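Assemble the complex: chain A is given as a structure, and chain B must be docked to it using the hints.
Chains as they are written, first to last, in the working numbering: chain A, 2 to 271; chain B, 2 to 271.
Source of the hints: derived by calculation from the structure; they are not laboratory data.
If several chains are the same, the list does not tell them apart, and a pair holds so long as it fits within one copy or across any two.
In silico DSSO-like links for lysine-lysine, alpha-carbon gap of 30 Å or less:
1. K228 <-> K165
2. K116 <-> K14
3. K116 <-> K29
4. K116 <-> K228
Values in this document were obtained by computation on a predicted structure and should not be read as measured data.
Protein chains: 2
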Amino acid sequence: MTFMQSLAAAWQKNDSLLCVGLDPDPAKFPAHLKGRADAIFAFCQAIVDNTADLVCCFKPQIAYFAAHRAEDQLEALITHIHARHPGIPVILDAKRGDIGSTAEQYAREAFERFKADAITVNPYMGRDSVEPYLAWRDKGVILLCRTSNPGGSDLQFLDVGGEKLFERVARLVAGEWNTTGQCALVVGATFPAEIARVRQLTGALPLLVPGIGAQGGDIEATVQAGKTPDGTGLMLNSSRAILYAGQDETFAAAARQAARETRDAINRYR
Amino acid sequence: MTFMQSLAAAWQKNDSLLCVGLDPDPAKFPAHLKGRADAIFAFCQAIVDNTADLVCCFKPQIAYFAAHRAEDQLEALITHIHARHPGIPVILDAKRGDIGSTAEQYAREAFERFKADAITVNPYMGRDSVEPYLAWRDKGVILLCRTSNPGGSDLQFLDVGGEKLFERVARLVAGEWNTTGQCALVVGATFPAEIARVRQLTGALPLLVPGIGAQGGDIEATVQAGKTPDGTGLMLNSSRAILYAGQDETFAAAARQAARETRDAINRYR
Numbered sequence: 002m003t004f005m006q007s008l009a010a011a012w013q014k015n016d017s018l019l020c021v022g023l024d025p026d027p028a029k030f031p032a033h034l035k036g037r038a039d040a041i042f043a044f045c046q047a048i049v050d051n052t053a054d055l056v057c058c059f060k061p062q063i064a065y066f067a068a069h070r071a072e073d074q075l076e077a078l079i080t081h082i083h084a085r086h087p088g089i090p091v092i093l094d095a096k097r098g099d100i101g102s103t104a105e106q107y108a109r110e111a112f113e114r115f116k117a118d119a120i121t122v123n124p125y126m127g128r129d130s131v132e133p134y135l136a137w138r139d140k141g142v143i144l145l146c147r148t149s150n151p152g153g154s155d156l157q158f159l160d161v162g163g164e165k166l167f168e169r170v171a172r173l174v175a176g177e178w179n180t181t182g183q184c185a186l187v188v189g190a191t192f193p194a195e196i197a198r199v200r201q202l203t204g205a206l207p208l209l210v211p212g213i214g215a216q217g218g219d220i221e222a223t224v225q226a227g228k229t230p231d232g233t234g235l236m237l238n239s240s241r242a243i244l245y246a247g248q249d250e251t252f253a254a255a256a257r258q259a260a261r262e263t264r265d266a267i268n269r270y271r
Numbered sequence: 002m003t004f005m006q007s008l009a010a011a012w013q014k015n016d017s018l019l020c021v022g023l024d025p026d027p028a029k030f031p032a033h034l035k036g037r038a039d040a041i042f043a044f045c046q047a048i049v050d051n052t053a054d055l056v057c058c059f060k061p062q063i064a065y066f067a068a069h070r071a072e073d074q075l076e077a078l079i080t081h082i083h084a085r086h087p088g089i090p091v092i093l094d095a096k097r098g099d100i101g102s103t104a105e106q107y108a109r110e111a112f113e114r115f116k117a118d119a120i121t122v123n124p125y126m127g128r129d130s131v132e133p134y135l136a137w138r139d140k141g142v143i144l145l146c147r148t149s150n151p152g153g154s155d156l157q158f159l160d161v162g163g164e165k166l167f168e169r170v171a172r173l174v175a176g177e178w179n180t181t182g183q184c185a186l187v188v189g190a191t192f193p194a195e196i197a198r199v200r201q202l203t204g205a206l207p208l209l210v211p212g213i214g215a216q217g218g219d220i221e222a223t224v225q226a227g228k229t230p231d232g233t234g235l236m237l238n239s240s241r242a243i244l245y246a247g248q249d250e251t252f253a254a255a256a257r258q259a260a261r262e263t264r265d266a267i268n269r270y271r
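With the rest of the complex left out, here is chain A (with noise of 0.2 Å):
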């Protein structure tokens, strides 16, 4: 299966549009992780164990293992996933952005070696720079268009010949790059107008929206302005109120109810 099937295969099957992220931090891991070899893995395994039914994708955001040299337990959390919950894809959360020749390494790094389903990209270099993700025609490539940090507006917000630049990245994503109906787009949560805008330059495309959790976005808002017609269309990104809802032994029970409460307060909204 592609990842757009998968996606909305998980959409239907565990009536979800909420995606959990996977940023771990071992310094707000429970105590009795602290120390093991394999801390990042056993706490995002329990993570996904106690979620998987819940969301519609997982999106490891790679930073958080790189820095701490943690690349095998990424390939082993996917692994994982893949192998226990089948049908719920993989999003690796990277937001590369280089010339095609380095495009195909990275390709490479988050489709072969990690086994993701999708990945995020930055636009910023242009067409050519994300071609190369398309030439692997299962997978997805989610473009960033609106982010939802606060300096998201110094670039994203500039005029472009009466357009905003997150608008025509929007447009030129839908109408021209997605040729093969790979694509997505990221759009923050922080800005319920614009994810309306850009539900309707759009169409049906794939929105991945962060910023529901910690990052204070309104779930009603955000729902409403994004949601399809047949009110899916939407991966709604939460991550640390999720993975570190309890502080204990209890964390991964703490964390299925936060996912179990998200979910259902998406839905009230659908």
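Same frame as chain A, but now just chain B:
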């Protein structure tokens, strides 16, 4: 010494504006290295040891290591450069770009784990996505401005209120983001007129210029457009044209010859 101090010293000591890009592709390695478990390290070590007195910096491209599960060889390579060729700064070409909390992890990856002296960063997510790198005060942060690939124009050439997006990035970085003197910019060699424009907008800001080798940029036009009044200000990157100048056991000598010729060609126009 800071990255900027090391760079200035290397410009003088080696009388060179040449940056050798380390993009190791095992498919292009000479036969005697193929099959060695440490082939990537061995190849790059030979390049480095035969060119270190001819360059102002080295620039390993992390994708070429990550695609081959060779982060350990990248760590060993940078350790080797610092130990054997002290004073030659190492730029980790990673083009990272993410929200602050994630950027902190990428900064740890680049500076703490890999011990790079500088990193390339994508500006699309704005100022707060760059600040975590700047918190490492002895390090350099090299922002993408105008890239040398064909699709570079897709966004970077858009008009934003009477100037192009890459010009706005140049002005933002030089005028607002670079409060600590740690910033530099990436400007492709395929567009000398744009290098001249960025030089005009940024004073003496160092420019990392890819594209003078295999990508076809013209050395004379590039140097004339980008040099500062003292004949420095540039890191002119060549990767493939140096790494793969030779095909057999003599590849390192061939690389040295190519590096020397490139350095000398650059110096004719300083």
